[in-house]
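One letter stands for each residue in the lines below.
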Amino acid sequence: MARCRYWHRSLNPKKLIEVGFSRLAPRMTMTRTVKLYGLPEAPSTRGLRPMVAADCEEACAALNKHLMKYAIAPQLSEAEFKHWLLPRTDVIYSFVVEHPETHKITDMVSFYSLPSSVLGNEKHTQLRAAYCYYVFANGTKLLDLMQDALILAKTHHFDVFNALDILDNETFLKELKFGIGDGHLQYYMYNWRCANVKPNQVGLVLL
Amino acid sequence: MSEPSGKKPAENPEGQVATGKDAIRAALQGVQIDDDDASGADAKHLFWDTQPVPGLSEDFPEDGRMGPIDHTDLAAVRKEPYTLPASFQWTDVNLDSDVECKELYTLLHENYVEDGDQMFRFDYSMPFLRWALQPPGYRPEWFVGVRVAQTQKLVAFIACTPALLYCHGTRVQPSQPEAKEDEATSSDDEPSVVEVNFLCVHKKLRSKRLAPVLIKEITRRVNVCGIFQARAARPRFLRAPARPPARPPARPPLTAVPPFLRRRRTRRGSCCRSRWRAAGTGTARSTPRS
Numbered sequence: 135m136a137r138c139r140y141w142h143r144s145l146n147p148k149k150l151i152e153v154g155f156s157r158l159a160p161r162m163t164m165t166r167t168v169k170l171y172g173l174p175e176a177p178s179t180r181g182l183r184p185m186v187a188a189d190c191e192e193a194c195a196a197l198n199k200h201l202m203k204y205a206i207a208p209q210l211s212e213a214e215f216k217h218w219l220l221p222r223t224d225v226i227y228s229f230v231v232e233h234p235e236t237h238k239i240t241d242m243v244s245f246y247s248l249p250s251s252v253l254g255n256e257k258h259t260q261l262r263a264a265y266c267y268y269v270f271a272n273g274t275k276l277l278d279l280m281q282d283a284l285i286l287a288k289t290h291h292f293d294v295f296n297a298l299d300i301l302d303n304e305t306f307l308k309e310l311k312f313g314i315g316d317g318h319l320q321y322y323m324y325n326w327r328c329a330n331v332k333p334n335q336v337g338l339v340l341l
Numbered sequence: 021m022s023e024p025s026g027k028k029p030a031e032n033p034e035g036q037v038a039t040g041k042d043a044i045r046a047a048l049q050g051v052q053i054d055d056d057d058a059s060g061a062d063a064k065h066l067f068w069d070t071q072p073v074p075g076l077s078e079d080f081p082e083d084g085r086m087g088p089i090d091h092t093d094l095a096a097v098r099k100e101p102y103t104l105p106a107s108f109q110w111t112d113v114n115l116d117s118d119v120e121c122k123e124l125y126t127l128l129h130e131n132y133v134e135d136g137d138q139m140f141r142f143d144y145s146m147p148f149l150r151w152a153l154q155p156p157g158y159r160p161e162w163f164v165g166v167r168v169a170q171t172q173k174l175v176a177f178i179a180c181t182p183a184l185l186y187c188h189g190t191r192v193q194p195s196q197p198e199a200k201e202d203e204a205t206s207s208d209d210e211p212s213v214v215e216v217n218f219l220c221v222h223k224k225l226r227s228k229r230l231a232p233v234l235i236k237e238i239t240r241r242v243n244v245c246g247i248f249q250a251r252a253a254r255p256r257f258l259r260a261p262a263r264p265p266a267r268p269p270a271r272p273p274l275t276a277v278p279p280f281l282r283r284r285r286t287r288r289g290s291c292c293r294s295r296w297r298a299a300g301t302g303t304a305r306s307t308p309r310s
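Sequences listed follow chains A and B, in order. Each residue of the first sequence is one higher than the one before, counting from 135 in this note's numbering. Each residue of the second sequence is one higher than the one before, counting from 21 in this note's numbering.
It is possible that some hints are incorrect.
The list that follows gives simulated cross-link-like pairs (lysine-lysine, BS3-like), each with its CA atoms no further than 27 Å apart [claimed, not checked]:
#1 A/Lys288 <-> A/Lys275
#2 B/Lys223 <-> A/Lys257
#3 A/Lys275 <-> A/Lys238
#4 A/Lys149 <-> A/Lys308
#5 B/Lys122 <-> A/Lys257
#6 A/Lys288 <-> A/Lys148
#7 A/Lys148 <-> A/Lys257
#8 B/Lys122 <-> A/Lys216
#9 A/Lys169 <-> A/Lys238
Don't read these hints as lab results, they were simulated from the structure. Source: prediction; values computed, not measured.
Excised from the complex, chain A in its bound form:
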């Protein structure tokens, strides 16, 4: 029912090249490549912090509201929201932006950790990949929020940040130096007929 693509953003280009995930471009040195994918040391958004249980009611409502704008999307109960989005080390990383004065939760960004075994490589055994999960940006520019997500993923020692072209992700992929991946990710429904949708109408992230 939808055909989507992964995009990849190098966080640790040297390792990605060493394991064969990506390659050094012609006329490009490692030093320049590393510099190109460099990121600021710390996030820039004021009030950005890890999400805690007390944020969930508000953040859940905001996320559900946001998701309804897509053609195909889940709706989460608060219990499900807590399960899927409260941070768990090495599994799910979620951050919210709390407005400094109103203390409202204006934004949320999350990514999950799905490493891959590196097969037959002498130097590396695992590739640490972060995958973009659910996001809403009601107070911060999505581009700035995602830039901060990249920084946070790098801080947590991820090598690459992956995102599909679903949700509103198209709006930041190129600018944040994501490269388009090979091939497509196909979404299917079993026993449900509906019109095919464009990737940016998909509000559903599958693990």
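Assemble chain B onto chain A, guided by the hints.
For chain B alone, kept in the frame of chain A given last:
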């Protein structure tokens, strides 16, 4: 191109089950093997052509035809598990048990989705598996495993989790209700669909059509609970930007197109039409559907 088999697997000869490789080899003797490299829109899908999924070339109007394809009567749902080839048995994988969770981890760690050149394989951690498979409302009987009877080795798996899904403003569920725009966030939060994931068959048991049995069995177990819709995706292992990322115009390209980025699918272990088919037939040569 494969021929539809439709045959039931032959009985496994007695006395051949030993341990390890022998056990697996013996188990295989009872299984119909198809050399299936069918691909493209004209391909016959032995299994999927029998299932309520949209056809490959089917076009959908923008409106009007949304809804269930097959209206199954709950009372008509088969009550007994499907029959596995001899030498195999069903098991519910208990994720609360560290031992069984580790068994599942190991099965996936060694046999799950790889890239086309076998340089990378997804490595879902045990905490991740518990997170992904045990959301509120999960059911232990939806963690469907297959063991070799003799050795009790876990050799195949499929799972699903409940979810509430909206499609064009309509709750995805068996009997399509009137679409009420403002009802979306206020209607009951019972699960409407299941999300199928982690279909994996041991590498040495590929091409043996175990995957269709796994899919039919998990479908049956879900149907018994009154849920008749599922969602899935084909999480291929994708890597390496195929085009350089956005950059200032004066700079040289950052990344080249690696020659290994062939359109090739291998041993996908999960939950979509093509992957299921690939896992069930062992083919690694079919081209992605478009």
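Just to be careful, I want the Cα atoms of A/Lys275 and A/Lys238 compared with a cutoff of 27 Å; is the pair within it? 16 Å, holds
Going straight from one Cα to the other, do A/Lys149 and A/Lys308 come out at no more than 27 Å? 22 Å, holds
Are A/Lys169 and A/Lys238 close enough, with their CA atoms no more than 27 Å apart? Not OK: A/Lys169 and A/Lys238 at ~36 Å, beyond 27 Å, violated.
For A/Lys148 and A/Lys257, compute the direct alpha-carbon distance and say whether it is at most 27 Å. 12 Å, holds
CA of B/Lys223 to CA of A/Lys257, is that 27 Å or under? Roughly 26 Å separates the two Cα atoms, so the pair holds.
Below or equal to 27 Å on CA atoms is what counts here, so check A/Lys288 against A/Lys148. Roughly 13 Å between the alpha carbons, so the hint for A/Lys288 and A/Lys148 holds.
Please verify whether B/Lys122 and A/Lys257 have alpha carbons no more than 27 Å apart. 26 Å, holds
Does A/Lys275 lie within 27 Å of A/Lys288 when you go C-alpha to C-alpha? 20 Å, holds
Run the distance test for B/Lys122 versus A/Lys216: straight-line Cα separation, threshold 27 Å. Roughly 25 Å separates the two Cα atoms, so the pair holds.
Hint 9 alone, counting from the list given before, is not met by this structure.
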